[in-house]
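**Student:** Here the protein sequences line up with chains E and C, keeping their order.
Number 254 in the working numbering belongs to position 274 of the first sequence; there are no gaps in the numbering.
Number -4 in the working numbering belongs to position 16 of the second sequence; there are no gaps in the numbering.
It is worth saying that the hints were derived from the structure and are not from the lab.
Just so it is clear, CB atoms sit at the ideal spot from N, CA and C, and this is done for glycine as well.
Any given hint might turn out to be false.
Here chain E is said to cover these stretches of chain C; the calculated rule only asks that three of the stretch's residues, wherever they fall, bring their Cβ under 8 Å from a Cβ of chain E [said to hold, decoys possible]: (1) 80 to 92; (2) 119 to 133; (3) 150 to 158; (4) 171 to 180; (5) 259 to 271; (6) 343 to 357.
The residues making up each chain are set out below.
2 protein chains.
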Amino acid sequence: MTNIDQAIRELKEFLVDRISTANSKLSLYGQNETYFEEMPPDAVVFPETTAEVAKIVSICARNKCPVVPWGVGTSLEGHSLAIRGGVTIDMCHMNKVLAVKQEDLLAVVQPGLTRKKLNNELRATGLFFPVDPGADATLGGMAATRASGTTAVRYGTMRENVIAMEVVLADGRTIRTGTQAKKSSAGYDLTKLFIGSEGTLGIITELTLILHGQPEAVAAGVCEFETVDSAVGAVISAIQMGIPMARIELIDQISIRAINAYSKLNYPEKPHLFMEFHGSNLGVKDQSIIMEQIIKEFGGGEFKWSVKPEERNRLWAARHEAYYATKAFFPGKLGMSTDVCVPISELANAITDTQADLERFGVTGAIVGHVGDGNFHTLMFSDRHDSEELERNKMIAHRMAERALAVGGTVTGEHGIGLGKMKYMAQEHGEALPLMVELKRTFDPNNIMNPGKMVNLN
Amino acid sequence: MTNIDQAIRELKEFLVDRISTANSKLSLYGQNETYFEEMPPDAVVFPETTAEVAKIVSICARNKCPVVPWGVGTSLEGHSLAIRGGVTIDMCHMNKVLAVKQEDLLAVVQPGLTRKKLNNELRATGLFFPVDPGADATLGGMAATRASGTTAVRYGTMRENVIAMEVVLADGRTIRTGTQAKKSSAGYDLTKLFIGSEGTLGIITELTLILHGQPEAVAAGVCEFETVDSAVGAVISAIQMGIPMARIELIDQISIRAINAYSKLNYPEKPHLFMEFHGSNLGVKDQSIIMEQIIKEFGGGEFKWSVKPEERNRLWAARHEAYYATKAFFPGKLGMSTDVCVPISELANAITDTQADLERFGVTGAIVGHVGDGNFHTLMFSDRHDSEELERNKMIAHRMAERALAVGGTVTGEHGIGLGKMKYMAQEHGEALPLMVELKRTFDPNNIMNPGKMVNLN
Chain E
-19 MTNIDQAIRE LKEFLVDRIS TANSKLSLYG QNETYFEEMP PDAVVFPETT
31 AEVAKIVSIC ARNKCPVVPW GVGTSLEGHS LAIRGGVTID MCHMNKVLAV
81 KQEDLLAVVQ PGLTRKKLNN ELRATGLFFP VDPGADATLG GMAATRASGT
131 TAVRYGTMRE NVIAMEVVLA DGRTIRTGTQ AKKSSAGYDL TKLFIGSEGT
181 LGIITELTLI LHGQPEAVAA GVCEFETVDS AVGAVISAIQ MGIPMARIEL
231 IDQISIRAIN AYSKLNYPEK PHLFMEFHGS NLGVKDQSII MEQIIKEFGG
281 GEFKWSVKPE ERNRLWAARH EAYYATKAFF PGKLGMSTDV CVPISELANA
331 ITDTQADLER FGVTGAIVGH VGDGNFHTLM FSDRHDSEEL ERNKMIAHRM
381 AERALAVGGT VTGEHGIGLG KMKYMAQEHG EALPLMVELK RTFDPNNIMN
431 PGKMVNLN
Chain C
-19 MTNIDQAIRE LKEFLVDRIS TANSKLSLYG QNETYFEEMP PDAVVFPETT
31 AEVAKIVSIC ARNKCPVVPW GVGTSLEGHS LAIRGGVTID MCHMNKVLAV
81 KQEDLLAVVQ PGLTRKKLNN ELRATGLFFP VDPGADATLG GMAATRASGT
131 TAVRYGTMRE NVIAMEVVLA DGRTIRTGTQ AKKSSAGYDL TKLFIGSEGT
181 LGIITELTLI LHGQPEAVAA GVCEFETVDS AVGAVISAIQ MGIPMARIEL
231 IDQISIRAIN AYSKLNYPEK PHLFMEFHGS NLGVKDQSII MEQIIKEFGG
281 GEFKWSVKPE ERNRLWAARH EAYYATKAFF PGKLGMSTDV CVPISELANA
331 ITDTQADLER FGVTGAIVGH VGDGNFHTLM FSDRHDSEEL ERNKMIAHRM
381 AERALAVGGT VTGEHGIGLG KMKYMAQEHG EALPLMVELK RTFDPNNIMN
431 PGKMVNLN
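Extracted from the complex, chain E is given alone in its bound form (with noise of 0.2 Å):
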């Protein structure tokens, strides 16, 4: 049976001062960042040791109580509300840098660190950690979500940039998972089971990131399309050819008009493609004038690409604001960002049916896209007081999950299961949701780890 309260009062005989049951504070934990509605936990605990958080999670166990990994919160299906109550873990005091390793081209880190922080850190190295979701959010986080964002056309998702991580499972054992070395082919691959597991597995307590050297050259190009198939067009034919492109965002109409009015700027209101392209000096500028070359023949606009950081940092504040921007241009809303991740032949489509729906059910909503990678947005507001609204905006991320499943995509491409996208779980997998809840099981007996996410074992 759960006994939630003897687990507390084991908890703060252990903790004493690192463990809350204040409402207002566990008020702060039962947020999201958009539609959920507030699910507290019954407490948050602060451990700093990997050690600590064993402990807490053998006390939870030994009470069946619910276990929720907790970074800084910016995760966008609900994924770490505590729908059964419980004890939220707050990661935050485990936020060091615990060694980097220069020649090897590694950084081993505490999953409570941000990955601004850890870049701030790594500045005097000449290497930098590249995913970059957007939000500030912790790398355990972001590897417990599968997180990607705008460069994982160049340098992958956290899938490909986590290669070892520590881990404290179910029961309170702690293992460590892959190794120091680039690649292995000893074992079934943990690591990356644990990746995008969403706390439902174990808990990251320590993880060892790929660094990538920062390069000589960065140019920074933006350009507007007629239409999004034009856009994409040019997109597929640069990545056929096989430009290494960093960055390349589609930013559609309204997304412009919004980012126009936040940040001071002018982009024609037209479909846009934001770019970016890493090497040596002469590499970058060959990279831009063939860019420039495809997209001429793709009928785009004049292509203007700086190497001037100022510019650059300009144009990517301005596409990292577009969820800001767009919040703004509709003040007071309720926002809801979904995505879907499609076959790259799909996504023309895929945002114009998008677009369509949009405008046929009167909703408000603009599109952002990965879309080297098949990966679209679309942010969505509702009044706050209008569930109707809600509704709708639900209805229109159903009909985009629907689509991609039907052309052989993803209901999620970055942002992960959660709470939102649990009733695709069985449409996307098939037969093999079975197996993952039976790996569920295996590494979760009693159903403690973040339960009632990914996979429903009732």
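Fit chain C to the known structure of chain E by using the hints.
**Tutor:** The following block gives chain C in isolation, referenced to the frame of chain E:
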């Protein structure tokens, strides 16, 4: 109770002439590329469809009869040997390219297709599949072994280049893992779990592979160094500068001597780096020139590079023939190829320690390495009738493995566990090994899938 005879009776009824129990035939499937003794199965079957594989596995499951998948038998650690008898499934009839999705840079293939045949079929598309373990292995076998090879430094291993699979499970169920989208955050990463599982969790019956655009230009170069240390130093420097090398291979003095003799070449008998650059015409020139500067810094000899296909092909043919060249250099001997992978900062030491071991113990051996990944091989030879020589070679391999583990590396970068490296699983994985055992039990409770490999259930 295991009932292999009953399984074979049922399989004969089902497959008629696509099953063999002739000793001459079985003996072929009991052989391997290296030093393991012949271990033939009780029968070999030749399915033509996934449904047939599923029925074969169902029959074997009912009779608790071992099932061992077979590609072309190029594995180097005895992976495909039927050590407990049973049925070997030769995938040779399932060797088709099912679809090439040019815009999506994907190919859907059957597991019995070899990588060279795939690349032949892709020639007209401008795309290619980059993973190149040297041998013309099957793509199913490569996935099951988590293979890589010379191009992994740029394009990744099978881990990064397989995004979806069809798999027949131990009870005969067929599942699909992954989607045709390039990335996904939906659910546990079963694809990555089957990659490298060596037939112990299920049988791969279809793979979706990531293709890459053939680069506009390819430049290859070669350069000698006075020491392994300086060669590896140049490699680390090139990686840190972000030069996107497509191949960077270390060939030691003895391998050079063997290659010279075998391929009628006249490289100086010193450690060499063989390199390849992929990109635009300008790009590869640029990369080659930067590399030239790095080589100079590290005291390397003259850097000869060329974009001419015939010169490139001669160079890589020489590299790929290193194994056979070295074998020919020691005629009549029994070959053994081992590999380890270490953090790149440890690579020079790992190689020089191994060279010292070879000399100290009077072992006939040569070293080649995928140095961009920290991965290297020692090829050793022994008299077929001198078990002491073989034991001495195993001792060298053992010392390599121990040293790799001591510096945070892995006992195998790309060859896999098979039989030869099972003894290191506990040492490499520690507390994570029991979890791998639990995983195996979950997927294969009766232990019929390539039993006795990867993890020991007894």
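**Student:** Report the numbers of all earlier hints that the structure fails to satisfy, in ascending order.
**Tutor:** none
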